[in-house]
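Visitor: Residue numbers (my numbering), protein chains in the order written: chain A, 1 to 203; chain B, 204 to 406.
Errors might be hidden in some of the hints.
With beta-carbon atoms standing in for the labels, derived distance ranges [to be verified]: (1) B:K234 / A:S109: 49 to 59 Å; (2) B:R405 / A:Y98: 15 to 25 Å; (3) A:F87 / B:G358: 33 to 43 Å; (4) A:G110 / B:D292: 52 to 62 Å; (5) B:G296 / A:G155: 18 to 28 Å; (6) B:S250 / A:K56: 35 to 45 Å; (7) A:L39 / B:S312: 41 to 51 Å; (8) A:E28 / B:E352: 18 to 28 Å; (9) B:H306 / A:K56: 51 to 61 Å.
No lab work stands behind these hints, which were simulated from the structure alone.
The C-beta atom is built at its ideal place from N, Cα and C for all residues, glycine as well.
2 protein chains.
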Amino acid sequence: MRAGIELKIGVWSMKQIILASKSPRRHELLKQIGIKHQLADSHFDESSVEMDSPEKTAAVLAVNKARKIARLNPDDLVIGADTLVIFQDKILGKPRDYEEAYHMLSNLSGQTHCVITGLALVSINPPKELTCCEKTKVTFRDLEKQEIESYLDSGEAWDKAGAYGIQGKAATFAKKVEGCYFNVVGLPLARFVMMLKEWDIRI
Amino acid sequence: MRAGIELKIGVWSMKQIILASKSPRRHELLKQIGIKHQLADSHFDESSVEMDSPEKTAAVLAVNKARKIARLNPDDLVIGADTLVIFQDKILGKPRDYEEAYHMLSNLSGQTHCVITGLALVSINPPKELTCCEKTKVTFRDLEKQEIESYLDSGEAWDKAGAYGIQGKAATFAKKVEGCYFNVVGLPLARFVMMLKEWDIRI
């Protein structure tokens, strides 16, 4: 079994991959597909960016996070990502408290929302950047009051945009996905591999 | 955090849940959503059933697996499931060898296929049965020869219908899912919870 990236051209040899994210979900996804990587939290102020569309906002956040880490690690390949949950043209952030989390989930119940992930690859040496944005629609089944309460009691809603994580107990909420599932978890894996290929990197 | 099922009506109290499947993926999915359960392999001869549609075949296989285990455990609630991969109107089984696995994946490359899971709940005391069928479309990105070979080298293709497991390294193959993602892993979780609700069981 091979792990890590296989370097097709010399320019990428000796490079480490750094994920500029503190998300344990993204870390797990990279591990799942066998990408050896380091983790670095960019501490980027997400509220400092607001573009005229959520797609642009996610992409700009992703590239800024990656650039910040790349500047500190100029010889490495840095991955930045930012995931936004959009419902009825509004961005749903991480819930601040129980009431807000309850409100988010009851709004999403029986409805379709969008998950948008901006993804960026940044390298200083050689100087290269690649950014994309992936969008996935998610439809929730109707949720009962007791189900939302029980989910919030489980503690899984916190630190997650839209107050849920599809890879945990909220898996039973998502009756339909349209697009890349892994994008909803936080990293569009097929798109990520296609971006690496643009730089002649094969995993 | 609550685990296990919460029994709303007396008839289900004292019951165990048994998953009539040897699939480690289904076992993991039930664990993920907090369903305490036992495992039992039905050893059901899958080749003994062929209906006039893959949907019916999957449903009949699921209910037969569950019935076989329910007869041995008449006081328990048994879950049966069977997942089929369909490409161009043909059922793709588990690959017999490297060549067949390679052939399957190169056929699925750049194309859309269907994953159908039959799901059954069976109880002898009280005598109840519920069966459904869930269908999800999966679109693969274009796969290079080297990617398929590398995937087969990883050993993940074996014992999996269609020669891939979306929850492993083949995650990067699936650029689009249309329907329930967990159905592709082997158990349509939203549908499962809705079936339990029909019997007044809340998780």
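Visitor: Taking 35 to 45 Å as the stated bounds, is the beta-carbon spacing between B:S250 and A:K56 within them?
Guide: violated, 54 Å
Visitor: Given the hint of 15 to 25 Å, is the C-beta distance from B:R405 to A:Y98 inside that range or not?
Guide: Between B:R405 and A:Y98, where Cβ atoms are some 20 Å apart, the hint holds.
Visitor: When you take the CB atoms of B:G296 and A:G155, is the distance between them in 18 to 28 Å?
Guide: violated, 41 Å
Visitor: So does A:G110 sit 52 to 62 Å from B:D292, Cβ to Cβ?
Guide: Violated, at about 34 Å.
Visitor: Quick check: does the Cβ-Cβ distance between B:K234 and A:S109 fall within 49 to 59 Å?
Guide: violated, 25 Å
Visitor: Quick one: are A:F87 and B:G358 within 33 to 43 Å, going by C-beta?
Guide: holds, 41 Å
Visitor: Between B:H306 and A:K56, does the beta-carbon spacing fit 51 to 61 Å?
Guide: violated, 43 Å
Visitor: Given the range 18 to 28 Å, decide if the beta-carbon distance of A:E28 to B:E352 lies inside it.
Guide: Given a distance of about 25 Å, which is inside 18 to 28 Å, the answer is holds.
Visitor: Can you let me know if the beta-carbon spacing of A:L39 and B:S312 is within 41 to 51 Å?
Guide: Distance hint for A:L39, B:S312 is violated at roughly 32 Å.
When the structure is compared with the earlier hints, violations turn up for hints 1, 4, 5, 6, 7 and 9 and for no others.
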